[in-house]
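> Each chain is listed here by its residues.
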Amino acid sequence: MPVIRIDQREIEADEGTTIMQAADKLGIFIPRYCYHPGLSIAGCCRICGVEVEDSPKLLMACATPVKEGMVVRTDTERVKMGQRAVEEFLLLNHPLDCPVCDQAGECVLQDYSFTYGFGESRFREQKIKQRKKDVGRDLLLYADRCIMCTRCVRFAHEVSGHDQVGVFNRGAHTEIGVFPGIRIDDLLAGNIADICPVGAFLSKDFLFKRRVWELKSTKSVCPACSVGCSVLLDHADGRIHRLRPRHNPNVNGHWMCDIGRMDYKMVGSADRLKKPLARKNGMLEEISWSDVIAYASGRIRQIITRHGADALAFVISSDATNEEALTFAKLAEKTGSLQNLRLLSGKRGERIEFAGGFVIESDRSPNEHGVLDVLKEFMPRESQERVTDLGSLAGKRGLYIFCGSHSDRGSIQLLARAAAAADFALVHGNVSSPLTEAATMVLPGAAYAEKEGTYTNLRGVIQRIHPAFDPPGDAGHDFDIVLQIAGAIGNSLPFQTVAAASAELARRLRGYVSMEQTGDTGWVNPYSRVAGATKG
Amino acid sequence: MDEKPDTEGKREEIVREAHEMNFIDRLYLPALLKGLADTFRHLFEEKFTIEYPEQKRQVYPRYRGLHRLNKDELGRVKCVACFMCSTICPARCIYIVGAEAPWPDREKYPVRFDIDELRCIYCGMCEEACPVEAIELTEIYDMVGASRKDLIYNKEMLLEIYDRTKEKGGMKKWI
Amino acid sequence: MEPVLLAKRHIENSTDINIAIGEGAYKALQKVLTAMSPPQVHKEVMDAVLRGRGGAGFPAGLKWKFLDKNPKRTRYLCCNADESEPGTFKDRVIMETDPHMLIEGMIIACYAIDAHAGYIFLRGEYANSFRILTKAIAQAREHGFLGDNVLGSGFNVNIHVHVGAGAYICGEELAMLESLGGARGWPRLKPPYAATRGLFYEPTVVNNVETLACVPHIVLRGADWFKGMGSENNYGPKLYCLSGHVNKPGVYELPMGTTLKQLIDQSGGGIPNGRKLKAVLPGGSSSAALTAEEVDVPMDFDSMSKAGSMLGSAGIIVMDDSTCMVNACWNVARFYAHESCGQCTPCREGTNWVARILGRIERGQGEPGDIDMALTICDNMLGQTICALADGAVFPIRSIIQKFRAEFERHVRDGACPFGAKRKWYSVLPE
Amino acid sequence: MNRECTCEGKGVNDEFTAEQWKLVDDVVRKYRGKPGALIPVLEEVQSITGYLPESMQRRVAKGLGIPLSQVYGVVTFYSFFTMTPRGKHQVRVCLGTACHVRGAKRVLEEMERKLGIEPGGCTDDRQFSLDLVRCVGACGLGPVVVVDEETHKQVKVAKLDAIVDKYRAESPTAEE
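Line by line, the protein sequences are chains A, B, C and D. Take the first sequence: its position 5, counting from 1, is numbered 32 in the working numbering, and each next residue is one higher. Take the second sequence: its position 54, counting from 1, is numbered 335 in the working numbering, and each next residue is one higher. Take the third sequence: its position 395, counting from 1, is numbered 788 in the working numbering, and each next residue is one higher. Take the fourth sequence: its position 51, counting from 1, is numbered 297 in the working numbering, and each next residue is one higher.
Hint data in this document are derived by calculation from the structure and do not stem from the laboratory. As the structure is a computational prediction, the values presented were derived from the model and not from experiment. One or more of the hints may lead you astray.
To be verified - Pulled from the structure, derived: some chain B residues nowhere near chain A, Cβ distances all over 10 Å: (1) H300; (2) D306; (3) K352; (4) E354; (5) L355; (6) F364; (7) M365; (8) E388; (9) E441; (10) E448.
To be verified - Computed list of lysine to any residue pairs in SDA-like fashion (alpha-carbon distance at most 25 Å, straight line): (11) K160/A <-> A380/B; (12) K276/D <-> E535/C; (13) K458/C <-> N549/C; (14) K420/C <-> W618/C; (15) K107/A <-> T769/C.
Stated by the list, open to error - Pairwise CB distance ranges (calculated): (16) T369/D <-> G701/C: 40 to 50 Å; (17) T103/A <-> R278/D: 48 to 58 Å; (18) R278/D <-> T527/C: 14 to 24 Å; (19) F141/A <-> C404/B: 22 to 32 Å; (20) Q157/A <-> K465/C: 42 to 52 Å; (21) G663/C <-> D411/D: 35 to 45 Å; (22) G776/C <-> K399/D: 35 to 45 Å; (23) S698/C <-> D411/D: 13 to 23 Å; (24) K402/D <-> D765/C: 37 to 47 Å; (25) D41/A <-> S698/C: 14 to 24 Å; (26) R278/D <-> Q411/A: 38 to 48 Å.
Note that the Cβ used here is the ideal one computed from N, Cα and C, for glycine as well.
Sequences and hints are given; from them, build the entire structure.
Written as structure tokens, this is what we have:
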């Protein structure tokens with residue numbers, strides 16, 4: 028492997044990599060516009076020029092492969108001059124509308140102008156102006172802000188594969204666009220707004236909602252399908268404003284799909300359950316947490332004593348985290364109803380694969396894989412095959428259903444009928460559904476953005492989610508709710524915190540680690556049933 | 282450090298011991314008359330107080346009072362909802378909700394623009410930060426309200442302040 | 394000098410294959426196919442030090458040598474006939490007077506590099522050349538010089554003519570290959586070079602028309618004959634295009650190294666109307682300008698670069714003392730602004746900006762700092778782009794500003810052009 | 247996903263005759279599947295239709311199986327392609343450096359006056375359209391005016407009348 032020197036620091040770079048990649052490895056930052064690690068190399072923005080010994084010109088760090096003994100300088104006057112020149116050129120026709128541009132604050136052009144730019148304009152001519160265009164379901168194009176890095180064009184070609192973003196005209200009139208009448212409506216379109224280093228492509232959904240510097244970012248995992256893309260929840264004041272993909276080579280690469288991108292709306296929806304409810308005279312009415320826990324545990328104990336533990340069934344949805352699933356299974360184990368433990372599967376959709384290898388899985392819920400792993404660990408072997416057979420629950424006297432917002436509608440209907448027929452149906456969820464309508468008592472839980480824990484994706488990658496803010500109203504954390512119910516029934520569990528449950532999980536399940544050990548890119552379970560990861 | 286600071290002597294000058302009161306002093310009458318004479322004399326001298334609220338104090342040109350939201354030539358709010366003022370505001374008293382402007386020549390405008398005038402510390406940073414000279418501090422200092430809520434000025438109220446003060450022109454007259 | 398490349402110029406119907414054969418066409422091909430192996434042909438061209446006539450002067454033999462020789466890959470020969478450089482029209486003369494020389498050269502080159510398809514990327518404006526070439530190719534095919542089993546040698550080769558659609562940038566090697574592939578003519582990032590990843594992503598050699606036209610002569614008469622012309626390292630006959638303010642504009646074939654002064658005064662017959670020489674763009678519009686004092690310089694690759702300019706395509710544009718240099722400079726700048734492909738930032742923005750500044754100066758709206766600003770913009774563009782178009786814009790603009798600075802300053806000072814007050818402006822750029 | 251053209255028919259107006267459409271389809275068929283076909287196809291199509299409006303680009307893109315964005319990108323990149331109707335005769339005045347120094351500008355001015363149109367325009371009777379070109383490779387003959395495929399060398403203002411009248415005479419006064 029070639030050894031090169033960058034700014035007097037030596038590094039052994041991988042064969043075939045570029046100066047840019049080697050510098051990134053060393054933590055030496057070289058500015059870039061057109062370079063994106065998830066796309067092919069264009070080399071057209073010309074800002075990453077570095078001085079290489081024995082080369083008369085500045086070489087583009089993004090496009091120059093490393094060679095043994097190469098000596099690179101990124102901090103000389105010539106390099107800085109080159110950067111300044113490119114900055115000046117880019118700003119010539121760039122409108123100064125940062126105050127109303129959503130990109131301001133995370134705009135690469137803005138940042139570099141401060142770091143590398145002249146700080147003043149020598150351009151006295153008229154700027155080329157253009158109107159904004161509506162180019163897709165969630166995309167606006169402000170062509171005059173474009174700096175022609177062509178990331179979007181390469182993305183449309185290499186990752187989405189639809190090729191509908193193109194470069195038109197030439198010279199100073201060169202612009203990015205789509206053919207008149209064409210709209211970029213594929214499910215990866217949102218990434219175009221993400222990779223645009225300036226405010227040329229903007230998301231309509233996020234348009235003018237917030238200035239980006241007001242947002243806090245929380246690392247999480249997208250719950251919209253079983254790929255479980257690593258994401259950042261950008262939120263402020265207890266509301267998510269947008270989702271962005273978080274680079275994870277184990278899972279999603281650099282991208283995420285628009286289904287996941289828009290899934291955050293459920294977190295702040297009006298359908299969220301905010302108060303515990305109990306049925307009085309046939310109507311669901313609000314009651315306090317202490318009452319609902321006491322009543323619910325009382326009814327569960329009653330059913331066990333009167334009809335035996337087999338009259339009691341426990342259903343958990345694929346929205347639950349591994350830790351919640353563990354607690355839930357423990358509860359079922361304590362009450363002696365493990366044979367009646369069931370999985371409420373997630374929604375199903377079309378499996379979509381894109382040109383660049385990015386996949387949207389047909390299982391549109393976050394953790395079916397992980398919940399199943401946990402349930403199968405606990406359930407007796409003979410009843411394991413019935414783990415998804417919800418029909419077998421008809422006629423059970425008592426039901427505790429841990430419902431999710433990504434659950435299969437048919438299964439919910441089925442369970443709702445079972446719940447209506449049962450003596451007692453405790454429904455624990457975060458949004459109202461036919462199931463909560465049929466419940467005897469409703470426990471308001473948290474959405475994925477509000478809780479802590481781990482999800483296991485379809486390929487066995489265990490990823491951690493972090494809470495961005497508290498659940499709305501009186502809604503509680505699901506883990507605590509299950510713990511409290513267990514405690515009130517008289518079967519307190521051997522752990523009290525999510526972290527402890529996670530550690531327990533790591534001890535019990537083959538190939539699992541605790542949530543602290545997952546890191547930002549997740550832990551790939553070596554014993555997972557499906558090997559390999561989707562690359563984006 | 283051989284030069285001793287000349288503070289000792291000064292202190293001596295200031296701290297004087299009260300002298301012992303004699304009989305005359307203890308009558309208080311001379312002092313009383315002297316005081317009355319002082320008061321009486323001031324009746325004929327130049328007065329510094331004003332008859333507020335009938336009379337208003339003339340403030341200095343750089344005075345920082347109640348905010349106003351300026352309008353453009355077409356009477357539309359000048360503000361582009363860039364959130365610079367709310368970002369810079371040390372008291373966090375500005376609340377803006379931006380939206381797409383209904384006018385073809387403008388990109389963004391505020392649908393809501395609230396300033397909590399009680400939280401505000403009148404530092405004028407908002408005015409400084411504004412890229413379009415939309416928010417300015419006027420010379421108005423007498424805000425009255427029956428409750429705290431009354432002193433949260435919304436967009437309409439702030440625009441009305443502009444109408445009330447616009448003849449005075451831009452507030453940045455000292456620049 | 395005996396004309397070599399222009400030998401058939403004054404022969405009637407020289408484009409007809411029978412007349413051409415009568416004049417000696419395809420003799421070299423017969424020799425190659427009967428008596429020479431591809432390496433031998435290659436060696437002959439290598440020994441002749443045939444430097445590319447397109448502008449850069451890179452030896453054709455080396456170009457062939459660098460070609461990826463992997464037998465599994467398809468190799469292509471591409472003839473660069475996209476002669477768009479203002480002031481250059483030598484290739485057109487070759488194609489229209491002696492198309493068979495070019496075709497023969499291409500067949501021999503294909504033979505040498507083991508390619509079986511040759512493409513002629515013809516400039517779209519050359520409609521007449523297209524007619525002549527297509528006819529000539531059809532005739533060559535009829536005579537068995539093209540197609541399968543050429544002259545019974547077992548060697549197969551075909552030549553296709555691609556008509557460009559109007560873009561100067563397609564004269565750049567990799568942009569041309571992109572354009573041939575049906576895309577926008579955006580130069581590709583180098584490396585990989587065309588020798589490994591060219592037309593349709595296969596190894597490709599791109600040679601200029603004049604370069605390929607030299608090949609049959611080298612093969613037929615030997616490298617030593619070729620080296621008998623010209624000076625050290627700059628051998629062979631060369632076509633010079635004279636245009637602008639000369640009495641006899643046109644294409645002249647002279648040995649490499651004829652001085653510029655000779656060309657203007659003797660071949661071109663001097664400056665018309667008794668005017669004086671003011672400036673020369675010696676190598677097409679993308680070469681640095683030379684003043685009247687600097688024209689006594691041999692027109693070959695090395696001497697010209699020593700003189701601070703370049704031989705380029707040897708398109709000599711002569712300007713007499715009635716020419717407003719600001720106007721000329723602006724014209725050049727607008728050309729490059731119009732033809733910039735828009736890929737690299739410095740070129741896309743810089744060419745346009747400089748053109749607009751120069752336009753302002755010419756209109757009398759220049760400001761004192763504008764001249765220096767234009768120079769710094771030139772510096773910022775130079776060597777900062779994927780292809781050489783920006784450099785080609787910088788060389789003439791910067792040299793004209795530097796060498797005729799007083800004239801620019803006068804425009805700024807007087808607020809008007811001293812050469813003609815009122816003009817109407819034509820521009821492809823928004824003003 | 248958007249590869250298929252969804253609005254065919256919408257853009258197809260009665261600008262072109264059925265016969266023209268057929269010729270266009272023939273050209274597309276001839277080149278289909280060949281590498282690098284796009285530019286020759288567009289050149290031939292433009293020679294049939296005179297210009298390349300959106301409807302024509304859709305037809306070509308669909309026929310060749312090439313993304314619309316690429317067709318549009320190519321059409322807007324090369325100066326030969328035009329998306330606005332052109333005249334029967336295309337007058338191109340060279341403004342290359344060599345012609346420029348020999349007075350091409352005056353020729354252009356006069357040509358503009360004579361035709362009554364600006365560069366880029368087309369006369370109302372669609373007989374002439376006027377364009378600027380940057381060097382046609384006839385620098386020795388400057389100033390040069392190219393009408394259709396014929397090059398007129400060393401054009402002087404006085405000669406313009408004859409040139410224009412020649413083409414005007416050639417074309418029938420009323421076509422339809």
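> Would you mind marking each hint as holding or not holding in the structure?
Hint by hint, here is what the structure shows:
{"no.": "1", "hint": "H300", "verdict": "holds, 67 Å"}
{"no.": "2", "hint": "D306", "verdict": "holds, 68 Å"}
{"no.": "3", "hint": "K352", "verdict": "holds, 18 Å"}
{"no.": "4", "hint": "E354", "verdict": "holds, 19 Å"}
{"no.": "5", "hint": "L355", "verdict": "holds, 17 Å"}
{"no.": "6", "hint": "F364", "verdict": "violated, 4 Å"}
{"no.": "7", "hint": "M365", "verdict": "violated, 7 Å"}
{"no.": "8", "hint": "E388", "verdict": "violated, 4 Å"}
{"no.": "9", "hint": "E441", "verdict": "holds, 24 Å"}
{"no.": "10", "hint": "E448", "verdict": "holds, 28 Å"}
{"no.": "11", "hint": "K160/A <-> A380/B", "verdict": "holds, 17 Å"}
{"no.": "12", "hint": "K276/D <-> E535/C", "verdict": "holds, 23 Å"}
{"no.": "13", "hint": "K458/C <-> N549/C", "verdict": "holds, 21 Å"}
{"no.": "14", "hint": "K420/C <-> W618/C", "verdict": "holds, 17 Å"}
{"no.": "15", "hint": "K107/A <-> T769/C", "verdict": "holds, 15 Å"}
{"no.": "16", "hint": "T369/D <-> G701/C: 40 to 50 Å", "verdict": "holds, 48 Å"}
{"no.": "17", "hint": "T103/A <-> R278/D: 48 to 58 Å", "verdict": "holds, 53 Å"}
{"no.": "18", "hint": "R278/D <-> T527/C: 14 to 24 Å", "verdict": "holds, 22 Å"}
{"no.": "19", "hint": "F141/A <-> C404/B: 22 to 32 Å", "verdict": "holds, 25 Å"}
{"no.": "20", "hint": "Q157/A <-> K465/C: 42 to 52 Å", "verdict": "holds, 48 Å"}
{"no.": "21", "hint": "G663/C <-> D411/D: 35 to 45 Å", "verdict": "holds, 36 Å"}
{"no.": "22", "hint": "G776/C <-> K399/D: 35 to 45 Å", "verdict": "holds, 38 Å"}
{"no.": "23", "hint": "S698/C <-> D411/D: 13 to 23 Å", "verdict": "violated, 50 Å"}
{"no.": "24", "hint": "K402/D <-> D765/C: 37 to 47 Å", "verdict": "holds, 40 Å"}
{"no.": "25", "hint": "D41/A <-> S698/C: 14 to 24 Å", "verdict": "violated, 39 Å"}
{"no.": "26", "hint": "R278/D <-> Q411/A: 38 to 48 Å", "verdict": "violated, 57 Å"}
In summary, the numbered hints that this structure violates are 6, 7, 8, 23, 25, 26.
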